[in-house]
Amino acid sequence: MTPTELSGALSAALAAAVADGTLQLPADAIPASVHVERPRQREHGDWATNVALQLAKKAGTTPRALAEDLAARLAENAGIASVDVAGPGFLNITLDAGAAGELARTIVQQGAQYGRNDSEAGTRINLEFVSANPTGPIHIGGVRWAAVGDSLARILAASGAEVEREYYFNDHGAQIDRFSSSLLASAQGKPAPENGYGGAYIAEIAEAVIADAIADGDTDPRELSDDEAQEAFRARGVERMFAEIKQSLHDFGVDFDVYFHEDSLHESGAVKHAVDRLTADGRTFEKDGALWLRTTDFGDDKDRVIIKSDGDAAYIAGDIAYYLDKRERGFDDVIIMLGADHHGYVARMMAVCASFGDTPGKNMQILIGQMVNLVRDGQPVRMSKRAGTVVTIDDLVDAVGVDAARYALARSSADQNIDLDLDLLASQKNENPVYYVQYAHSRTCAVDRNAADRGVRLEDAFDPALLSHESESALLGRLTEYPRIVAQAAELREPHRVARYLEALAGDYHSWYNDDAKLRANPYPDEAVTDAHRTRLWLNDAVRTVLANGLGLLGVSAPERM
RNA sequence: GCGCCUGUAGCUCAGUGGAUAGAGCGUCUGCCUCCGGAGCAGAAGGUCGGGGGUUCGAAUCCCUUCAGGCGCACCA
Numbered sequence: 001m002t003p004t005e006l007s008g009a010l011s012a013a014l015a016a017a018v019a020d021g022t023l024q025l026p027a028d029a030i031p032a033s034v035h036v037e038r039p040r041q042r043e044h045g046d047w048a049t050n051v052a053l054q055l056a057k058k059a060g061t062t063p064r065a066l067a068e069d070l071a072a073r074l075a076e077n078a079g080i081a082s083v084d085v086a087g088p089g090f091l092n093i094t095l096d097a098g099a100a101g102e103l104a105r106t107i108v109q110q111g112a113q114y115g116r117n118d119s120e121a122g123t124r125i126n127l128e129f130v131s132a133n134p135t136g137p138i139h140i141g142g143v144r145w146a147a148v149g150d151s152l153a154r155i156l157a158a159s160g161a162e163v164e165r166e167y168y169f170n171d172h173g174a175q176i177d178r179f180s181s182s183l184l185a186s187a188q189g190k191p192a193p194e195n196g197y198g199g200a201y202i203a204e205i206a207e208a209v210i211a212d213a214i215a216d217g218d219t220d221p222r223e224l225s226d227d228e229a230q231e232a233f234r235a236r237g238v239e240r241m242f243a244e245i246k247q248s249l250h251d252f253g254v255d256f257d258v259y260f261h262e263d264s265l266h267e268s269g270a271v272k273h274a275v276d277r278l279t280a281d282g283r284t285f286e287k288d289g290a291l292w293l294r295t296t297d298f299g300d301d302k303d304r305v306i307i308k309s310d311g312d313a314a315y316i317a318g319d320i321a322y323y324l325d326k327r328e329r330g331f332d333d334v335i336i337m338l339g340a341d342h343h344g345y346v347a348r349m350m351a352v353c354a355s356f357g358d359t360p361g362k363n364m365q366i367l368i369g370q371m372v373n374l375v376r377d378g379q380p381v382r383m384s385k386r387a388g389t390v391v392t393i394d395d396l397v398d399a400v401g402v403d404a405a406r407y408a409l410a411r412s413s414a415d416q417n418i419d420l421d422l423d424l425l426a427s428q429k430n431e432n433p434v435y436y437v438q439y440a441h442s443r444t445c446a447v448d449r450n451a452a453d454r455g456v457r458l459e460d461a462f463d464p465a466l467l468s469h470e471s472e473s474a475l476l477g478r479l480t481e482y483p484r485i486v487a488q489a490a491e492l493r494e495p496h497r498v499a500r501y502l503e504a505l506a507g508d509y510h511s512w513y514n515d516d517a518k519l520r521a522n523p524y525p526d527e528a529v530t531d532a533h534r535t536r537l538w539l540n541d542a543v544r545t546v547l548a549n550g551l552g553l554l555g556v557s558a559p560e561r562m
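Per full-length UniProt numbering, numbering of the first sequence is gapless, rising by one per residue and ending at 562.
For the record, the hints were derived by calculation from the structure and aren't laboratory data.
Ideal Cβ placement from N, Cα and C applies to all residues, glycine included.
Heads up, a few of these hints could be off.
Okay, derived cross-link-like pairs now, EDC-like style, lysine to aspartate or glutamate, Cα gap no bigger than 20 Å in a straight line [as the list claims (entries may be wrong)]:
id, residue 1, residue 2
1, 190, 171
2, 518, 431
3, 246, 395
4, 302, 286
5, 246, 257
6, 246, 212
7, 272, 171
8, 287, 301
9, 246, 394
10, 190, 227
11, 287, 300
12, 190, 177
13, 308, 288
Using C-beta positions, here's what the derived DEER-type ranges look like [what the hints assert, rightly or not]:
id, residue 1, residue 2, range
14, 381, 41, 41 to 47 Å
15, 504, 431, 34 to 40 Å
16, 357, 4, 35 to 41 Å
17, 294, 500, 33 to 39 Å
18, 111, 401, 46 to 52 Å
19, 111, 255, 21 to 27 Å
20, 401, 212, 30 to 36 Å
Please construct the entire structure, taking both the sequences and the accompanying hints into account.
Printed below as a string of structure tokens:
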């Protein structure tokens, strides 16, 4: 019996109580689905619900009286062993061992499908993340979004959404001018210009640009006039830098469906289209020679200039056009992931969303992630792109590997600042919980290999009532939760919940494995294979399936051996 | 000054109104004759930053206060 079925049984019990007059409740007070949860204490059964506590007042009765009535009705359901009323009016529900154990076979049979759910079904989601300017390698802050964003995309897709991963490629502004003049200066052997970029990568890119130009049969950019050279370094440098970024992300396991160029918004007329529409809708006004968007109508703390008095579009005009473009491409939910240093953008972009008649928080969702700080020897490492002292995505991967890096970044709430200790990551890799989870997975695989050796075969038997040991029901209970964890991670846009769940599941598995020498999925060498062995192998494989599925949602490998 | 995020065990962090607040690391004590000890069992360790409030019930919601992080452009 799944929690969904149990919830349905509770709803039915409520409806029956209302129908025969036992319970006086207005129809709209009956919840569509009754919330059930895993109690913290094992003695409190497999599932618990507080529905009697919530409804008693509305029904003019006491929680315990209502709970007693529901308990009697619920106990009639097949698959439910007992229902107890506890404390102020909780219902503690215990399932038949057989009904609970059946889950092991269900999971193995569903395989990679187990955990998929329809909580986001039918929603078209555009998920934009990283979007770092191509003026340098992706640094550590961007890596967090690569890990969290890609994992979120996987989780949303597993929850039924149609997801597009998008990277907004800022190739239009002063940052790019600074980048190209820095390349030019490097090629000319001059120091980096004021407000320019330094660092070894600038010299490398500059050299690569020259080599590319010569290889293409073009004039060596160093022999061009400064203006022409600047343009050559801009075009080829951005292309080079962006290719490197894409490669780094690919090596990190992150690939985007769309790389969207800011330039294209200006060239295609999308900016004018968006501004015209806002003006036609009366959302703009002119003042001091500039065109403003009245964002204060929708909660922003000041109105925003969208066309500057010199006639150029302000930066936000690009974001406005970009949002409208996404909506016109048919996306219901436009999600943007930003670092905390850009959170000042939230209010104005929500106002932009509302200005188009859309719903902020739905059509436009902005996820803010707090900063990643680097620590070495207990001291913060100060990074500067200009000075070239950055720790890049490649540096991180070189130090700890993709799995450990992705897992470490994805297992924390985005609301938390992260301190990454470089010494710790490089030297004491075993402190990373990813190995705990991966080890559990490879252990399930080791059990499978031994089962094959000793002739324990799944298809020979499955008797769910044999999975009645305390550590087995704990494990089954954990496995039951998985689809809801995925759905919850999708709804809340919080991938770390999947990682935390996997750690708990791995712990339950290790406990079961070590609990009792007799609880084995394989016989001893001089022992015959029994149905208990075969049935436990189903459970072992169910755990393997869920660990593999969950790690897959995090973009972390599930090794068969370590 | 205003806004957002954070404050939970020695450290790093989970816990979207429920029962006795959890995990990893670290410390201490046990557990390998056979499925992987990168593991397990147990112990010690808590004013959930402080103070009010709402509620049958608050780490969780509201107010206030303290501390830290990050922002408050006709820059991008």
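Each hint tested on the structure:
| no. | hint | result |
| --- | --- | --- |
| 1 | 190 to 171 | violated, 24 Å |
| 2 | 518 to 431 | violated, 31 Å |
| 3 | 246 to 395 | holds, 15 Å |
| 4 | 302 to 286 | holds, 15 Å |
| 5 | 246 to 257 | holds, 12 Å |
| 6 | 246 to 212 | holds, 18 Å |
| 7 | 272 to 171 | holds, 18 Å |
| 8 | 287 to 301 | holds, 17 Å |
| 9 | 246 to 394 | holds, 12 Å |
| 10 | 190 to 227 | holds, 16 Å |
| 11 | 287 to 300 | holds, 18 Å |
| 12 | 190 to 177 | holds, 16 Å |
| 13 | 308 to 288 | holds, 9 Å |
| 14 | 381 to 41: 41 to 47 Å | holds, 44 Å |
| 15 | 504 to 431: 34 to 40 Å | violated, 18 Å |
| 16 | 357 to 4: 35 to 41 Å | holds, 36 Å |
| 17 | 294 to 500: 33 to 39 Å | violated, 43 Å |
| 18 | 111 to 401: 46 to 52 Å | violated, 27 Å |
| 19 | 111 to 255: 21 to 27 Å | holds, 24 Å |
| 20 | 401 to 212: 30 to 36 Å | holds, 31 Å |
In terms of the numbered hints stated before, the structure departs from hints 1, 2, 15, 17, 18, listed from lowest to highest.
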